Amino acid sequence: EPEVTQTPSHQVTQMGQEVILRCVPISNHLYFYWYRQILGQKVEFLVSFYNNEISEKSEIFDDQFSVERPDGSNFTLKIRSTKLEDSAMYFCASSDWQGATREDYGYTFGSGTRLTVV
Amino acid sequence: DAKTTQPNSMESNEEEPVHLPCNHSTISGTDYIHWYRQLPSQGPEYVIHGLTSNVNNRMASLAIAEDRKSSTLILHRATLRDAAVYYCILNAGGTSYGKLTFGQGTILTVHP
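One line per chain: the protein sequences are A and B, in this order.
Under the numbering used here, the first residue of the first sequence carries the number 6, and numbering increases by one thereafter.
Under the numbering used here, the first residue of the second sequence carries the number -6, and numbering increases by one thereafter.
These are calculated hints, taken from the structure and not from any lab test.
Note that this is a predicted model, so its numbers are computed, not measured.
By construction, the Cβ of each residue, glycine as well, lies at the ideal position given by its N, Cα and C atoms.
Nothing false has been slipped in among the hints.
Derived DSBU-like pairs (lysine-lysine); straight-line CA-CA distance at most 35 Å:
hint, chain 1, residue 1, chain 2, residue 2
1, A, Lys83, B, Lys(-4)
2, B, Lys(-4), A, Lys62
3, A, Lys62, B, Lys92
4, B, Lys92, A, Lys83
5, B, Lys62, A, Lys47
6, B, Lys92, A, Lys88
7, A, Lys47, A, Lys83
8, B, Lys(-4), A, Lys47
Covered stretches of chain B, going by a simulated chain A footprint (3 or more residues, C-beta under 8 Å):
hint, region
9, 38 to 47
10, 93 to 102
Hey, can you work out the whole structure from these sequences and the hints?
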């Protein structure tokens, strides 16, 4: 079964450093997402991405965050200057949701990257 | 975002059916009902989704009330591997670009 692949599985970084979390979505999917989950808390939406631009972003996704699809397969989340409160599991997801047709599809999530900011 | 209400926790015995309820009284006509589960230390996993009709797949069944204000996820024979947090989520479909809003979900415990 197709998978969403995330690397690395665990990243430790010093406060103030930049990190890039990487994801390979399912190849024929069109929509890509990042979510995060702070330990013991709910899964929170960060951003959705379609047609090489951000479709929607949450309040969490401030100027310190950016996303990119640098090539035909990777989807990245960059945090420019990490803070202690950025420590969380970050999940990438993809979907072949087709908006205009009003159809709906399930979403496939990756296993996550555990980011620890020290 | 339309809201869902689920019990905080439920328990089941192995090999017995499990019915996980979800209330969504403010659902709109275009909202799809999604169910995901999250096993410990893993990402959410898609289980099933539907709009109006009941749905079956290899993992589960989804029973949707006629007025769509509630739904039930049915695991036909629970196994220990089904122990997880189950999330019922409304997806606004056409205009939401697929953002999912997770609640606290239902913690399912399966006893051997």
